[in-house]
Amino acid sequence: MSESPTTAIDIAAAVRDGRVTAAEVVETHLAAIDAREAELHACNAVLADEARAAAGRGDAARAAGATLGPLAGVPVALKDNMCTRGIPTTCSSKILEGWRPPYDATVVTKLQEAGAIVIAKTNLDEFAMGSSTENSAFGPTKNPHDVTKVPGGSSGGSAVAVAAGFAPISLGSDTGGSIRQPAALCGVVGLKPTYGTVSRYGLIAFASSLDQIGPFGATIADAAATYNVIAGHDPRDSTSYAGAMATIGAAELAGDVSGMRVGIISELVGAEGIADDVKRRFTEAADALSAAGAKVEETSVPACVYGLSAYYLIAPAEASSNLARYDGVRYGLRIEADNITDMYTQTRTAGFGPEVKRRIMLGTYALSAGYYDAYYGKALKVRSLIARDFAAAYEKFDVLLSPTAPTTAFGFGAKTDNPLAMYLSDVCTIPSNLCGDPAISVPFGTGDDGLPVGVQVLAPALGEPALFRAAAALEGSAP
Amino acid sequence: MTLPDGWVMVIGLEVHCELKTATKLFCGCPNMFGDEPNTNICPTCLGLPGSLPVLNENAVELAMRIGAALNCDILASTFHRKNYFYPDMPKDYQVSQYDEPINLNGRLDLPDGFRVGVTRAHIEEDTGKSTHVGGDGRIHGATHSLVDYNRSGVPLVEIVSEPDMRTADQARAYVTELRAILVATGASDGRMEEGSMRVDANISVRRSETDEFGTRCEIKNVNSIRSLGRAIEYEAARQVGLIEAGDRVIQQTRHWNEQQGRTITGRVKEDADDYRYFLEPDLVPLDPSPEWIASVRSELAVLPATRREAVAAATGADASATAVATVVDLELDQLVLGAVAAGADGRIALARASNEVAADAEGGRGLDVAAFTAVIAMESASEITATQAKTVLGELLADGGGDPEAIAAKHGFEAMDGSVLDSVVDKVIAANPNEWQRYKDGDAKVTGFFVGQVMKATGGKADGKAVTAALVARTKA
Ligand SMILES: [Zn+2]
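For the record, the sequence lines run as chains U and P.
Using the working numbering, you'd call the opening residue of the first sequence number 3 and step up by one each time.
Using the working numbering, you'd call the opening residue of the second sequence number 252 and step up by one each time.
Think of the hints as simulated: they come from the structure by calculation, not from any bench.
A couple of the hints might just be wrong.
What the hints assert, rightly or not - Covered by chain P, according to a simulated footprint, are these stretches of chain U (three or more residues, beta-carbon under 8 Å):
1) 257–270
2) 368–381
To be verified - Short derived list, chain P residues pointing at chain U, Cβ under 7 Å:
3) P300
4) G301
5) V305
6) R332
7) N334
8) K342
9) Y349
10) R527
11) F529
12) P536
13) P539
14) A724
Stated by the list, open to error - Pairs of lysine to aspartate or glutamate, DMTMM-like flavour, derived with a Cα cap of 20 Å:
15) P:K471 x P:E445
16) U:K380 x P:D350
17) U:K281 x U:D450
18) P:K333 x P:E265
19) U:K383 x P:E613
20) P:K271 x P:E308
21) P:K333 x U:D375
22) U:K380 x P:D525
23) P:K641 x P:D619
24) U:K380 x U:D391
25) P:K707 x P:E665
26) P:K333 x P:D619
27) P:K691 x P:E665
28) U:K383 x P:D619
29) P:K641 x P:D677
Glycine included, every Cβ here is placed at the ideal spot set by N, Cα and C.
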């Protein structure tokens with residue numbers, strides 16, 4: 003073996019051709035984890051034994067002449083809010099400590115059927131609520147480019163796993179930017195697919211109408227290959243899209259954007275707190291697309307500015323209901339008490355961290371009699387206005403463009419005392435979740451501090467082909 | 252028990268019925284009553300993290316049948332989450348239909364023609380079942396609780412009536428009729444004792460001169476139609492008593508205590524419960540196609556009211572007669588209709604079906620119509636007496652069939668000659684002069700004595716009605 007492959011596509015090809023074994027691939031990545039995990043804390047669990055066993059089975063299958071899948075021998079890291087049978091799944095919360103799901107999430111099954119090998123469960127902000135991975139009950143994850151900086155969140159562990167070479171690909175979940183924002187801060191590709199294209203069965207819910215699983219990869223092609231594997235109708239998920247979904251192939255990955263209509267969302271580029279160095283990189287990215295033949299124009303998506311406010315009512319409202327089940331009765335943490343009400347209260351008081359409690363309270367309030375219309379009800383109206391404005395924009399444009407995150411990676415503790423400042427990290431990513439549309443963050447150079455900057459491409463529902471086309475063009479022209 | 256003059260009771264009923272589906276509402280677990288606890292469970296009906304609901308199409312079909320049978324509009328609908336904490340509810344919210352239920356604006360006509368409005372009939376999931384150990388069986392004060400989630404996620408339809416009923420009898424008739432409809436349509440087995448049908452009653456009272464409703468109380472834990480009547484009458488009287496004593500009724504949930512025969516305070520509802528309803532994001536709107544709705548309506552089983560009318564028309568009985576209701580409830584109406592169509596006397600066929608055959612309804616449903624017709628024909632032609640006809644029917648049912656004429660011949664049954672009967676009657680009267688005097692004085696209770704004596708003397712071959720007629724004739728002599 004001359005040079006060991008690093009991308010998922012190259013690894014799978016090499017494993018299929020017999021140039022490398024899955025066992026060798028797994029050992030290489032376990033060594034990478036060994037080298038930096040203590041420093042970065044990307045993983046809640048490293049599944050060395052399980053990964054070695056899976057690699058052994060894969061290699062044996064190849065030896066027996068079996069046809070190998072598109073991700074044969076490819077290690078994958080899973081955000082620790084996706085159920086893995088018999089393996090602890092914690093959501094980085096004390097309340098789920100010790101719980102082992104009796105079933106696999108659909109995405110896990112699909113990855114394994116494609117030959118991928120689950121190598122780690124990664125750290126996250128507790129129940130995916132946060133933008134820095136500082137809200138994990140098990141301690142924060144560090145940015146591999148500068149360990150004094152956050153990796154973003156909530157899928158910080160999965161972004162770091164790819165950025166640090168623990169696995170060529172990983173899965174995260176994105177409710178308001180939880181894949182794209184850490185992808186930007188860690189310098190990797192992160193995709194939030196169209197709502198309904200990837201099954202949520204086995205994804206522990208934060209906000210069901212917004213949650214979507216998606217891939218991280220070091221390259222656009224790896225993100226696309228992973229998306230191709232995990233997308234598809236799932237009868238176990240009633241919100242799963244039942245129609246035909248595009249497979250991303252060579253045509254899209256060639257990145258030909260000549261004639262493509264690209265709109266720059268002026269409200270997001272001009273949003274509060276977008277740093278100058280991020281803006282500069284963003285302008286370069288827009289210019290690069292223009293140079294590649296795209297027709298790039300500024301455009302307005304007016305309701306977009308209300309996205310953050312609507313999101314911080316809708317997501318907590320759904321969360322307050324989704325997280326009710328952690329009551330100490332059936333699984334996870336239980337603090338014994340004299341009566342059921344005290345048991346509930348003490349269990350939930352001990353089991354949930356401050357951000358989760360904040361959002362449960364916010365959501366409970368927003369749904370309460372007498373407040374529903376003013377808060378939750380109004381947020382739903384704003385949500386439909388945003389969708390309407392995006393639909394109008396997509397009549398004129400094939401894709402839209404914005405920065406992914408307002409700044410490069412920030413320091414630990416910089417925003418933990420000010421939840422609103424932290425919430426602003428997601429101002430550019432939230433609108434896609436409210437609309438159910440796909441969006442991707444593509445690394446595009448660095449900021450003044452030398453840390454990665456991401457550019458976001460947005461597309462209408464099921465617009466993944468155009469999305470990948472533009473993303474590939476950006477990847478090809480990134481500094 | 253009735254209310255004092257000048258008072259009116261107002262009753263609305265909420266009936267929960269479990270649908271007779273093979274599997275649960277949102278997962279593939281068996282919908283089975285009485286299995287070993289926590290054996291029919293999966294991630295979804297246990298509400299495990301990451302699990303998702305998928306709506307059972309058959310449950311929707313059965314819910315639509317209920318809507319069709321109750322003359323509801325069957326509409327596009329949605330599901331909401333009703334949020335509250337309870338240990339037998341694994342997600343700590345119940346998925347239920349809220350402001351857009353599948354069935355709206357129906358009605359149910361009682362056998363006597365009284366019409367009760369049906370506000371809605373919506374789909375929801377059942378909870379698990381808690382057993383509280385220690386204390387008085389309630390959750391508070393228990394040392395520990397056991398929860399069985401086999402029932403968790405079983406499909407329910409909640410049928411909400413308008414507050415149209417004014418007497419306990421109407422409420423009983425409503426539940427009886429509703430139950431018959433649920434069974435006839437195959438939507439539910441309607442077993443109150445097993446909890447597959449549960450009735451909550453909303454009761455208020457008002458003075459008859461006003462139209463304004465009083466404060467209502469909701470009565471839960473009513474386990475039979477008989478208890479429902481008792482509970483309603485008790486509760487209405489309690490409320491009248493309170494108001495007449497210058498007190499007021501406090502809106503609350505009350506539990507019926509069957510042993511004590513009274514309702515007991517449950518939760519006081521001074522403030523409305525806040526269930527924080529919101530649209531269930533894990534499900535999509537339910538929008539049955541017009542073709543589906545039309546096929547449910549057209550394939551609906553013939554309803555009990557229509558079947559009662561058919562029996563009434565065939566037998567000359569009143570459609571609201573108990574015998575008519577009995578044969579329909581026990582599904583013996585086809586037996587009666589078949590016999591009448593074959594020429595049997597309708598009155599006698601109905602009488603035998605609603606009594607002797609009803610006593611062994613299962614056997615009766617398998618009874619050969621021709622054999623039943625032959626028995627009725629022999630009786631109506633006075634070839635055998637009523638008593639003998641009952642004996643022949645009894646043997647047919649016990650043996651699962653047979654030749655009625657052969658059975659009658661085996662027993663030597665034949666209608667007694669009138670002159671023989673007359674002489675026996677005369678002998679019995681002569682032997683019992685004191686009883687005969689009482690009979691002549693109008694003491695109806697001794698009729699049975701004389702009939703019995705004549706039967707004894709004739710070895711059961713006399714016709715009871717003929718004996719009575721002979722006795723009456725002699726009082727006039
Ligand atoms: Zn189940």
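* Asked: Which earlier hints can't be squared with this structure?
  -> As far as the earlier hints go, 1, 9, 12, 13, 14, 19, 26, 27, 28, 29 are violated by this structure, in ascending order.
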